[in-house]
Amino acid sequence: MVTNITNLGRSGLSDWLLQRASAIVLALYSLFLVGYLLFSPGLDYAAWSGLFAQTWMRIFSLLAFVSLAAHAWVGLWTVTTDYIKPTGIRVAAQSIIILAIFVFLVWGIQVLWGA
Amino acid sequence: MSMLQVSLYRYNPETDSAPYMEEFQIDTQDRDIMVLDVLHMAKEQDSGLAFRRSCREGVCGSDGMNMNGKNGLACITPLSEVVKKGKLTLRPLPGLPVIRDLVVDMSLFYKQYERIQPYLQNDNPEPAIERLQSPEDRDKLDGLYECILCACCSTSCPSFWWNPDKFVGPAGLLQAYRFLADSRDEATQERLAELEDPFSVFRCRGIMNCVAVCPKGLNPTRAIGKIREMLLANAT
Chain A
1 MVTNITNLGR SGLSDWLLQR ASAIVLALYS LFLVGYLLFS PGLDYAAWSG LFAQTWMRIF
61 SLLAFVSLAA HAWVGLWTVT TDYIKPTGIR VAAQSIIILA IFVFLVWGIQ VLWGA
Chain B
1 MSMLQVSLYR YNPETDSAPY MEEFQIDTQD RDIMVLDVLH MAKEQDSGLA FRRSCREGVC
61 GSDGMNMNGK NGLACITPLS EVVKKGKLTL RPLPGLPVIR DLVVDMSLFY KQYERIQPYL
121 QNDNPEPAIE RLQSPEDRDK LDGLYECILC ACCSTSCPSF WWNPDKFVGP AGLLQAYRFL
181 ADSRDEATQE RLAELEDPFS VFRCRGIMNC VAVCPKGLNP TRAIGKIREM LLANAT
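Chains A and B supply the protein sequences, listed in that same order. When we follow full-length UniProt numbering, the leftmost residue of the first sequence carries the number 1, and every step to the right adds one. When we follow full-length UniProt numbering, the leftmost residue of the second sequence carries the number 1, and every step to the right adds one.
Worth flagging that the hints you see were computed from the coordinates, not collected in a lab. Beta carbons: idealized from backbone N, C-alpha and C, even for Gly. There may be inaccurate statements among the hints.
[Said to hold, decoys possible] Computed list of lysine to aspartate or glutamate pairs in DMTMM-like fashion (alpha-carbon distance at most 25 Å, straight line): (1) Lys70/B <-> Glu14/B; (2) Lys85/A <-> Glu194/B; (3) Lys85/B <-> Asp105/B; (4) Lys87/B <-> Glu14/B; (5) Lys111/B <-> Glu194/B; (6) Lys111/B <-> Asp44/A; (7) Lys85/A <-> Asp105/B; (8) Lys85/A <-> Asp30/B; (9) Lys70/B <-> Asp82/A; (10) Lys166/B <-> Asp44/A.
[To be verified] Chain A stretches covered by chain B per the calculated footprint, using a threshold of three residues with CB under 8 Å from any CB of chain B: (11) 1 to 11; (12) 15 to 25.
Working from the sequences, and respecting the hints, build out all of it.
Now the structure itself:
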């Protein structure tokens, strides 16, 4: 048993499951957005804004943002533990990554729900 | 001409400040001999050459090494399988400290093997003769018990290179599953609890170098998948 405290779920199993579940959400969201752009040739601001004004799209987008945050946390945490061996630099890198993820998540929510 | 150009990794910590590659010309007489035979011929030219070997028939797992970039057992690898353009480069197993020439320090590899408690655990009183198993339960151990611990798989695994002190590695995990799958073993819960952290099992990223190099044709990646399934079934 190897103890870890800066990974997302405190357990390899939950991190692993979150990584896979969030990957599915992100794949569906990406496919939907690409499909929407492909099948809306005369897309204007009103239509784009209208799409994101709908409740289901807001839920879908928020789900995608949260999934992206979880996915990035698990993935980048793994990268730091693989490649950054000095503890001080690794903890600093992990703190910056987690802070950035938090900022981007709140920013994304503000863009989505703001005026 | 039947001369084979062999490039050997040489390092003697008592006299060399750094490892270097030494060239040997080996007369194979155009026979498709094993890489281990070539090493013995090189040792006739330089008796100081150090490498491990014992059974010379792929059973003991002593002569795992890196041959033209791929791990394998020198004793059961014919030249025709590895030699490219008349050249053969032999290096020690990657990722482990070199003791001398092709001999590596396997302490970390054995430490990870020891960690998964590779022995049957059953606190019930022993039956008079032996603990019986149905033929179906016995079949579950096929493809697991054959491992000879040559370390070819673990030392070809990038996840093991980066974290040999925390990631159990393909060889250890194949054995971990060998005991998880054994109907006579009763420590399943304790074994699973030992493995659910982010490193022990989950540092496996499915690169599958282990499957590509195993000289016994075993599949550690599949065993790791089975361990994940057991962990998931246990925790959801």
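These are the hints, each one checked on the structure:
Restraint check: the Cα-Cα separation between Lys70/B and Glu14/B comes to about 28 Å, which exceeds 25 Å; the hinted pair is violated. Of the pairs offered as hints, the one joining Lys85/A and Glu194/B holds, with about 24 Å between alpha carbons and a cut-off of 25 Å not exceeded. For the hint pairing Lys85/B with Asp105/B, the CA-to-CA distance comes to about 31 Å; that exceeds 25 Å, so the pair is violated. Taken as a hint, the Lys87/B and Glu14/B pair is broken in the structure, with Cα atoms around 29 Å apart against an allowance of 25 Å.
For the given pair, Lys111/B sits about 15 Å from Glu194/B by alpha-carbon distance, which is consistent with the 25 Å threshold. Restraint check for Lys111/B and Asp44/A: the C-alpha separation of about 63 Å exceeds 25 Å, so the hint is violated. Proximity of Lys85/A to Asp105/B is assessed by CA-CA distance (about 22 Å); at most 25 Å being required, the pair is judged to hold. Between Lys85/A and Asp30/B the alpha-carbon distance is near 48 Å, which puts this suggested pair outside the 25 Å criterion.
Distance restraint check for Lys70/B and Asp82/A: the Cα-Cα separation of roughly 23 Å lies within the 25 Å cut-off, and the hinted pair is therefore satisfied. Between Lys166/B and Asp44/A the alpha-carbon distance is near 53 Å, which puts this suggested pair outside the 25 Å criterion. Counting residues of the stretch 1 to 11 of chain A whose beta carbon lies closer than 8 Å to any beta carbon of chain B gives 6, which meets the minimum of three for the stated coverage. Interface restraint, the stretch 15 to 25 of chain A with chain B: holds (3 residues with C-beta to C-beta distance below 8 Å; minimum three).
Going through the hint list in order, the structure does not satisfy hints 1, 3, 4, 6, 8 and 10.
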